[in-house]
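J.: Residue strings, one per chain:
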Amino acid sequence: MGWNRQQMCKRASKELLDGFYVNLGIGMPTLVANYIDNTKNITLQSENGMLGMGPFPKKGKEDPDLINAGKQTITSLADSSFFSSADSFSMIRGGHIDLSILGAMQVSESGDLANWMIPGKMVKGMGGAMDLVAGVKKVLVLMDHNAKDGSPKIVRKCTLPLTGKGVVNLIITNLGVFEINDGIRVLEIAPDLNKEELINNTEADLNFI
Amino acid sequence: MGWNRQQMCKRASKELLDGFYVNLGIGMPTLVANYIDNTKNITLQSENGMLGMGPFPKKGKEDPDLINAGKQTITSLADSSFFSSADSFSMIRGGHIDLSILGAMQVSESGDLANWMIPGKMVKGMGGAMDLVAGVKKVLVLMDHNAKDGSPKIVRKCTLPLTGKGVVNLIITNLGVFEINDGIRVLEIAPDLNKEELINNTEADLNFI
Amino acid sequence: MIDRVYKKVYKSPKQALDGVLFDGMIIMSGGFGLCGLPENLILALRDTGVKNLTVISNNAGTEGQGLGLLLETRQIKKAISSYVGENKLFEKQYLSGDIELEFNPQGTLAERVRAGGAGIPAFFTATGVGTLVAENKKHESFNGKDYIMETGLVADLSIVKAWKGDKSGNLIYRKTARNFNPVMATAGKITIAEVEELCEIGELEADQIHTPGIYVDRILKGTHYSKAIENLTLSEG
Amino acid sequence: MIDRVYKKVYKSPKQALDGVLFDGMIIMSGGFGLCGLPENLILALRDTGVKNLTVISNNAGTEGQGLGLLLETRQIKKAISSYVGENKLFEKQYLSGDIELEFNPQGTLAERVRAGGAGIPAFFTATGVGTLVAENKKHESFNGKDYIMETGLVADLSIVKAWKGDKSGNLIYRKTARNFNPVMATAGKITIAEVEELCEIGELEADQIHTPGIYVDRILKGTHYSKAIENLTLSEG
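Residue numbers (my numbering), protein chains in the order written: chain A, 1346 to 1554; chain B, 1346 to 1554; chain C, 18 to 254; chain D, 18 to 254.
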């Protein structure tokens, strides 16, 4: 039902405007890089200390000293720069990154985000997620509309521990695009879907105006 | 009476121990560099952003991009490094500099230092002095024992606005060497001087034990 | 992978300043004394006539040099600096009440600017405790030692000077001309950099960049560098 | 002017660690995942058997790699990290209560270390406001926005890894192997650096030094660099 992952990533890539500095989270957000419009000048930041992240290396060209925040081997570009973790998060915390795309377990109608722990399960840590959502100018959540058990992930109030409070600006799921700004406004609905289906799959109130 | 400026600087240079990183203030403290024992490894810091400050340049070798905190042209050495003002004062504030030598208008018996303003006169600013005295491991004041009008500069309580409170560890004047540590202890008296003369020229109580 | 088009390069300081100025704005200027000053931008700033400026800069220039140029034209309303000793005109304007002055210890000033750029609204420092600087500031004790709270600083515009810069805004500074420039580049809502050498993308080594391009909104090659020496001091022989 | 004698160079990681270790000490270790790890020092640290360590490091290594080595020997009592996902042994020791864990957001961790090295006992950040991280922390509002207070971190010993270093302790890092190393170098009461290339004084360019020698108490050339890749990812073609 709705968009597939490719379509979701493609839709997300439209939020990367010309001149933007962007941080892509681990997982599906990383794939958005594949859909960037080449006519736009987009610079990718990796919070472990790099601006101007290039594509994954060709075989034999991998460099253990050159990885992204997901510990994947990457490459640099002609305009790349490297810096320390402290300088990297000064950039993030200081509001210099235009857009961050992250995955989520839950997003509330007030923009609260939960994506780092499930009580009772082993916690791996929040990594840089809390810093990103607190510091970056615009936060886009890219996720499946529903959890694997079918339960809605766009909720009135997050039941999971938060990563940030009132931090999410935009949600892109397989079912639509949603703006959070004093409630949730539906910007787009996936083509083969009606309003009612969307409402049924969402706990939070949706504003269609 | 007492030591001349050369002798004072020479005495001060003995406080620069092997391996020390040292910041020398503007004026007489800068001259201490001329008396550093070449068998010791001493690194000079300049708070405008340099470690490993070399001597003044030879004529024609001056570089407008290479100055010290007194805006004097200087040179670099083989082990020099340059850094920003923020990084420079992180070094200072973080206690990484072993010794700072500064001039003073007044020093109190509890180690209070006044060297940046005289009420009613135009104030030029404290520059980096407050940061240095608050951050450096050991603060040495190098000054004339008395003001031009003969009044004592080592006082019970500073009457001038402070640069730092309880920050001075050692004073070297033309009349002697004084350690501040729960009162003032006289470590050395200039050769042609007696205790009484020293006491008469000092407002604060002196401990000769 | 991408043939990037960089839109940060401006032909002149005048063009680079176009559309970013307004009376009463806060401007940060890099430089220590006359070393590492954005000379071309200061000159152009003077010619725009923008006024009632609050200028955050370690020093106030000398007469006819650096920010001294903006004093002659009375464009500065307030200065936040650590040391203004070398400028008699500043002294005159200050004593006549024409200019407001806020002294910050040099390290506190540098850290306030860094904090502003790094999204840190306030921090604690031992610098200035027990002095006039600490008056009316929040005190707090950590591990038995007293500290005061200082706040972050941001500017409407930062003007900085680098040695080399590329068209994506990456900057490299030279020797002690680095000073306040890198932190100020991070703390301007808009940052304009002037450079001695404007390089093509790829000419600067990624490991050696002092200011990543993200901080630089506009960049230009300066044509006029007087690089005055304030205090020429030579060794004998 | 001076023919300096540098006393910072050590022949081996074992010798470099001599006299600085004690049970229950706090150790910072640079590295992000397995990238930029002080591999030789971690190995030597394991062999000394020093125990009850509090280790401040972004990650906890993987099994048999990095700090994972010190988990096998149960030398770590507490970890302060932002992410420990890659280590099953860590998980096991944590769930059995053998190891204490304090999670810090990655940027807060980096800034706490930087603050520790810079003499800043505490600072305010918006990171973590409204989350578990903010619990029991001081809150304060600046310009209508809420922030929490975080404190500076220092260590008894910092171990870092650089690409090149000279005999005075100046360090240059390579690519993303820089990560936490420069800030941790500033925050150790003692800092030991291991390098791939130990250079003579003067071989490193003064403008390009990432960590000035003042922060490095001891330096050694590492002989064993496995430089494992955690997550080899290749592009097609």
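Hint data in this document are derived by calculation from the structure and do not stem from the laboratory.
Predicted, not measured: the structure shown is a model, and the values here were computed from it.
No residue lacks a Cβ here, since even glycine has one placed at the ideal position from N, Cα and C.
One thing to keep in mind: the hints can contain errors.
What the hints assert, rightly or not - Keeping only pairs whose Cα atoms sit at most 27 Å apart, straight-line, the calculated BS3-like set for lysine-lysine is:
(1) D:206 <-> B:1482
(2) B:1482 <-> C:154
(3) C:24 <-> A:1385
(4) B:1406 <-> C:206
(5) D:105 <-> C:206
(6) D:155 <-> A:1510
(7) D:154 <-> A:1404
(8) B:1355 <-> D:95
(9) D:105 <-> A:1466
(10) C:68 <-> B:1502
(11) C:162 <-> B:1510
(12) D:244 <-> D:31
(13) D:206 <-> B:1483
(14) B:1466 <-> C:154
(15) C:24 <-> B:1510
(16) D:95 <-> D:105
(17) B:1493 <-> B:1466
(18) A:1406 <-> D:238
(19) A:1466 <-> D:31
(20) C:154 <-> D:105
(21) C:94 <-> B:1469
(22) C:94 <-> A:1482
(23) D:155 <-> A:1482
(24) C:181 <-> B:1502
(25) C:154 <-> D:238
(26) A:1482 <-> C:105
(27) A:1385 <-> C:154
(28) D:238 <-> A:1469
(29) C:181 <-> C:155
(30) D:155 <-> C:162
(31) D:162 <-> C:154
(32) D:154 <-> C:155
Said to hold, decoys possible - So the derived list for chain C, only partly shown, Cβ under 7 Å to chain B, looks like this:
(33) 27
(34) 29
(35) 32
(36) 36
(37) 37
(38) 101
(39) 147
(40) 151
J.: When the hints from earlier in the document are held up against this structure, which numbers fail?
T.: Failing hints, ascending: 4, 5, 7, 8, 10, 15, 19, 20, 22, 24, 25, 26, 27, 28, 29, 33, 34, 35, 36, 37, 40.
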